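First to last, the protein sequences are chains A and B. Counted the way the numbering used here counts, the first sequence spans residues 1029 to 1334. Counted the way the numbering used here counts, the second sequence spans residues 2 to 301.
These aren't lab readings, by the way, just hints derived from the structure by calculation. Computed from a predicted structure; not experimentally measured. For every residue, glycine included, the Cβ atom is placed at its ideal position computed from N, Cα and C. Do not take every clue at face value.
To be verified - In silico DSSO-like cross-links for lysine-lysine, where the CA-CA straight-line distance does not exceed 30 Å:
1. 1073/A - 1110/A
2. 87/B - 1186/A
3. 129/B - 210/B
4. 1239/A - 1249/A
5. 1151/A - 1239/A
6. 27/B - 37/B
7. 210/B - 1186/A
8. 37/B - 1151/A
9. 72/B - 87/B
Stated by the list, open to error - Derived list of chain B stretches under chain A, where covered just means 3 residues or more per stretch with a C-beta under 8 Å from a C-beta of chain A:
10. 135-144
11. 240-247
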Amino acid sequence: MLMFILRRILQIVPVIIGVTFVVFFIMQLVPGDPAVLLAGEGASKEAIEAVREQLGLNQPLYIQYFEYLMNVFKGDLGVSLKNSQPVLDEILVRLPITIELAFFSIIITVVLGMTAGIISAVKPYSLTDVSVMLVALLGISLPSFWLGLMLMYFFSVKLQILPVAGWDSLLHVILPAVTLGAGGAAIVARMTRSSMLEVIRQDYIRTARAKGLREHIIIYKHALRNALIPVITVVGLQFGALLGGTVLVESIFAINGLGRMIVDAIRTRDLPMVQGGVLFASLIFVVVNLFVDVFYRIFNKRIELN
Amino acid sequence: MSVEVKTEQPTVITQSISNPKESKLKDFLSILMINKAAMVGGIIILFYIFIALFAPLLAPYSPYDIHLENKLMPPSADHWLGTDDKGRDILSRILYGSRLSMGVGFAAVLFGAFFGIIFGLVAGYYGKWVDSIIMRMMDIMLAFPGILLALAIIAALGPSLINVTIAVGAFSVPLFARIVRGSTLEVKRLEYIDAIRSLGANDLTIIFKHIFPNILSPIIVQGTLRLATAILSAAGLSFLGLGAQPPSPEWGTMLSIGRDFLFSAPYVALFPGLAISILVLGFNIFGDGLRDAFDPRMKK
């Protein structure tokens, strides 16, 4: 297992370098002279030249990239054009909020999704199953930014039981977390159902039934455990969509997280902030995927041993 | 010792041999017809295409004309879905907006499919180091969560509907590449490819004339499902103000305006959102149906 973890860690190194490469080169697509942009509007020729010299923009591109990479590994993601603060400092202030939002959303995704999937799979093709799957299909199709607005309208404006926006208490978490987690829950529900149905048809489940075991023991102890393996992968993949989704949800509910920071930075053309934010979020995703892989392996191994 | 020799009459095959391509298409259509959900999805998509094509004939008002005296009017006989903050008819804007939202979705998927198919075919066909390099590149693109890669591209190129199309298309490339590579690996091992090669066909002919037509099914399924995601992503980016700009009747932009009037006039946000949801639902259920129709295991 240790070898597997080490191998997996080694495998993500080139991916991380690749991500820095893509982020660096996307920013080279910016039309015009980056030194002019960084020096600010109306800067003198000397000031522009000074920026060019200071940031090494007169160097060949591959040297610029190498320096950028070295800085990233040292934790230096550059300085914001808006407030001259280090990008990493701003990210570290915003990150806990986004992680909190992602955490609650993933709980909703897993709990809601798996419960719905199990309910559907236990009585396949029944009215309950069809209804649950229809709701799941709707969940996949609804735009999160619209769902968020509609939830806000009903729960905050009409019923006035939940706050409209902000991030001060647990009550503030409910609407954003449901908005962000709903799409994932629908996908997990569909995956759990199909995975459960496949497992329920296996011989060992038939044997368990023939032995006279109670249905709920068969479902929860024998079927669910095996059906969970592919579901774990889907949950892991959903984390990526969730991180991307924070961009929209944080903007709707005025939450000062990483996603909103990136959108605001795009609006103000604060490119180092965008670059740093996108890079940081992607690195989190790569590391989460590593954990999912290891967890999947451990889970799978335990089932094999049992 | 006598040896009895049995002589059998040669069997004459009287059964007519149907064109395999034709029967495949018939099979596919019959499965698609049986799948009621897929039919519903198909009808929804056709309905939206009809709306997009005939928007100028169907729309009761201009989507751009400002009538401040009519602003924020609730749904009525004159304005079935109400009016927005500038007094523009929401129904007319949604009808015209279908052209933009669907257009961006289709263009982004075509963009993603084009590059994804080329990368996937080349990686799958040539294998070895070519495959390794291309697929590692695709892995790196997949390492970006959700629409963040699109955000980075828009940050560099600037907010506009065309840049949103490129950005949304770009994060579809690795998904198409993976599927096409997998299918190419399967098809290139088949005997008929060896036969064609031994007849002297060059790589380009083999890839585009003999492999590509045989891997279309998964590409079409992926394309349909990606359309749903592309429309959602593009509308989301416009909602954030990074895509289509006002007064464009793009659905995401309309929703963004609706957000400002959620307390006083919720219908401004309600209807554009419904328009997106129903269309995306159509693509999702049609995509599911297509997948079932193309998947041979579903025929059992």
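Results for each hint:
A distance of roughly 21 Å separates the Cα atoms of residue 1073/A and residue 1110/A; the hinted pair therefore holds under the 30 Å criterion. For a cut-off of 30 Å, the pair hint linking residue 87/B to residue 1186/A stands: about 25 Å separates their Cα positions. At roughly 22 Å between alpha-carbon atoms, residue 129/B and residue 210/B fall within 30 Å of each other, so this suggested pair holds. Restraint check for residue 1239/A and residue 1249/A: satisfied, since their Cα atoms lie roughly 14 Å apart, inside the 30 Å limit.
This hinted pair checks out: residue 1151/A and residue 1239/A have alpha carbons roughly 21 Å apart, not beyond 30 Å. Proximity of residue 27/B to residue 37/B is assessed by CA-CA distance (about 17 Å); at most 30 Å being required, the pair is judged to hold. Taken as a hint, the residue 210/B and residue 1186/A pair is broken in the structure, with Cα atoms around 60 Å apart against an allowance of 30 Å. Using a Cα cut-off of 30 Å, the hinted pair residue 37/B and residue 1151/A holds, with the two alpha carbons roughly 21 Å apart.
For the hint linking residue 72/B to residue 87/B, the alpha-carbon distance of about 5 Å falls within 30 Å, and the restraint holds. Counting residues of the segment 135-144 of chain B whose C-beta sits closer than 8 Å to any C-beta of chain A gives 6, which meets the bar of three, so the coverage hint holds. Only when three residues or more bring their CB closer than 8 Å to a CB of chain A does the claim for the segment 240-247 of chain B stand; here the count is 4, and the claim holds.
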